[in-house]
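Number of protein chains: 2
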Amino acid sequence: MADGRVYNFSAGPSAMPLEVLEEVQREMVNYKGSGMSVMEMSHRSKEFMAIAAEAEKNLRDIFAVPSDYKVLMLQGGATLQFSSVVLNMLGSKSKADYLVTGQWGEKAHKECNKYGTGQLACNTKSSKFTTIPAKAEWKLDPEAAFVHYCANETVNGVEFSYTPDVGSVPLVADMSSNFCSKPIEVGKHAYIYAGIQKNLGPAGMAVGFLRPDFADGSKEMKICPTYCSFKTTGDNGSMYNTPACFTLYVMGEYLKYTKKVGGLSYWAEQSDKKSGLLYGTIDGSDGFYQCPVEKSARSRMNVPFTIKGGDEALEKKFLDEAKKHKLYTLAGHRSVGGCRASLYNGMPLEGVAALTDFMKSFMDENRK
Amino acid sequence: MADGRVYNFSAGPSAMPLEVLEEVQREMVNYKGSGMSVMEMSHRSKEFMAIAAEAEKNLRDIFAVPSDYKVLMLQGGATLQFSSVVLNMLGSKSKADYLVTGQWGEKAHKECNKYGTGQLACNTKSSKFTTIPAKAEWKLDPEAAFVHYCANETVNGVEFSYTPDVGSVPLVADMSSNFCSKPIEVGKHAYIYAGIQKNLGPAGMAVGFLRPDFADGSKEMKICPTYCSFKTTGDNGSMYNTPACFTLYVMGEYLKYTKKVGGLSYWAEQSDKKSGLLYGTIDGSDGFYQCPVEKSARSRMNVPFTIKGGDEALEKKFLDEAKKHKLYTLAGHRSVGGCRASLYNGMPLEGVAALTDFMKSFMDENRK
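Protein sequence lines, in the order shown, are assigned to chains A and B. Reading the first sequence from the start, the letters are residues 29 to 396 in the working numbering. Reading the second sequence from the start, the letters are residues 29 to 396 in the working numbering.
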């Protein structure tokens, strides 16, 4: 670990590869001899257009995006996408299906009802968002404009390990929190969107992969803000207005790093190793640590756990002592409490090993 | 000028004070001993909450924001604000007035018609956006929900030198391109918004100052995307969802620097000196250089000019030779051509002096 750096298990914004940060640091005041910082560049300049083009090309290569899909780069995060999806994809239909398996899917569903009817194809709230029901239990409406799911729920630690099969209804995915952590089946989706602040950069930008039949504006509502128009964004190469240039540039550096280390299969392997190590420690603790999520639905990205069945005093002690071992940001989301370790790409395996070592010694000292 | 740096006259994103860039560079990998980059911090962390709180406090101090106004920090730039203004401020009324004095005001006006009726209180398009009509010529509707104006038009180089008096109708200003360049009368406005990528930071964030009677949601349309809701943003301290954390932090550094150098009156003085020098050179060139904008409406931020009445070959030569003197990004907006020098806060007086020196020698060599 670099001097003074800590292991940061934040659920997002989150740890980034040190190499990426150092490259950004080196280029801060004078980008590749251009005489200026990327922060200072006109988004129409030759230099910045090249940065944006390379980032898009690397997104297409790394994610194997079908060539007829549009790549969108947008501000406003997943929250604005919750609206944009409906405003651009509902078309002449009035309803859409939502697979709700956590708090983010719930928010996306709620937003739909501003513009149409968001139908609950499934909702695991009553079991505290700890499962993903089998397909046989989903109530899918063949007349729905689309089916929306959240591929990974950060608060609850629930992740789809497969692409949902919803027949011919367009499939929409919020992949904010597991984007760039494994290969994905872009072609099975009509739209994939993801805030980049987990596995691919700083906060302030979302990426979208859009099937061409939703890029021509034919399904766009008249009340859709111009900024949110998929057609406007797509037709203008995500530069209808000034993009989040510096954030886009940092994402570009992260993409280059991703290529260098081996692409999505590398991140997938790392994620499996890291989450396997942590879940193994939890499951091997004889109940001292517990993860509430059903095994088949467990997230490789966000691992929520309780200590001694939710002993708050002990959890506080755990968080305090963890910091002394340079293990930071391990508190659970304010809405659920407990602990949570997020294992995004920026978290090295050695950081998770340091965490599990600490967890074992903490358990030995506090089991009683 | 620092080694290898150039004078960058970009209309935005644009030059930033070197001191700000260097501070950001220093803190990139480990922010003040936190063990992490600001890019990696949870937006709910103690460290980041302190950064955001200090930025808001400095905005309030520097701009003398009335204490009951909300300070909003948002993504999506002015373009998304064009929609948000209408979605949050039209209320039970159906129409709003727009003073259109350039291309940005025109876009804002157009957006209004998605949700109501945007009325043209004035429109200088027929005279190519080179004037600001006197108040007597404005057609103001006392029943309008608000009056919108763009305080500075970057493409056309037109700037209001005063706060428009519109009586009791709420006044809304897009100050994207002259924000933080002079003291402003916040209390005379119901809402001021500004992308920060001109005088206050990198692209990817807008700041808003909102009068409390528009912060309670009472005038919000039901179709307003949650992300765009002034009430939701205000009630949650601009952290309903993950903000553009790093961009916000850089703005915070720029604000601290602004305080250090003397606040808005310092930037106003600098802007007057810089634009005075450049306009003086243009006006003293005996028509070799010409600025199409009426003197009383000339912008201190963006100075468009032609050479020999629009000699395109000579303008190209000018731009090419300027680069040899480290004078960059002087082409006019693609929609109007010619040349344009933008003189935001990040451009030092010596940069403008270097430009005017070059302009004089170029004139001497090419006057014939």
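Be aware that one or more of the hints could be misleading.
Since copy identity is lost for identical chains, a pair holds within one copy or between any two.
To be verified - Straight-line distance between alpha carbons at most 25 Å, and here's what the computed BS3-like set of lysine-lysine pairs gives:
#, residue 1, residue 2
1, Lys123, Lys259
2, Lys167, Lys85
3, Lys354, Lys301
4, Lys138, Lys354
5, Lys352, Lys288
6, Lys142, Lys250
7, Lys167, Lys345
8, Lys74, Lys344
Keep in mind the hints are simulated off the structure, nothing from the lab.
*Pop the pair Lys167 and Lys85 into one bin, within, between, both or neither, using alpha-carbon distances up to 25 Å.*
neither (38 Å within a copy, 50 Å between copies)
*Can you tell me if Lys352 and Lys288 fall within 25 Å by alpha carbon in one copy, between copies, both or neither?*
Neither way: Lys352 and Lys288 sit 33 Å apart in one copy and 36 Å across, limit 25 Å.
_Alpha-carbon proximity context of Lys167 and Lys345, limit 25 Å_ = neither (44 Å within a copy, 67 Å between copies)
*Could you figure out if Lys74 and Lys344 sit no more than 25 Å apart (CA to CA) within one copy, between two copies, both or neither?*
between (52 Å within a copy, 16 Å between copies)
*asked:* Reference check for the pair Lys142 and Lys250, CA-CA at most 25 Å: within, between, both, or neither?
replied: both (14 Å within a copy, 7 Å between copies)
*Is the C-alpha distance from Lys123 to Lys259 at most 25 Å within one copy, between copies, in both cases, or in neither?*
The answer is within: 21 Å in one copy meets 25 Å, while 27 Å across copies does not.
*What label fits Lys138 with Lys354 when the C-alpha limit is 25 Å: within, between, both, or neither?*
neither (39 Å within a copy, 53 Å between copies)
*Can you give me the call for Lys354 and Lys301, within, between, both or neither, at a CA distance of at most 25 Å?*
within (21 Å within a copy, 51 Å between copies)
Violated hints for the displayed structure, listed by number in ascending order: 2, 4, 5 and 7.
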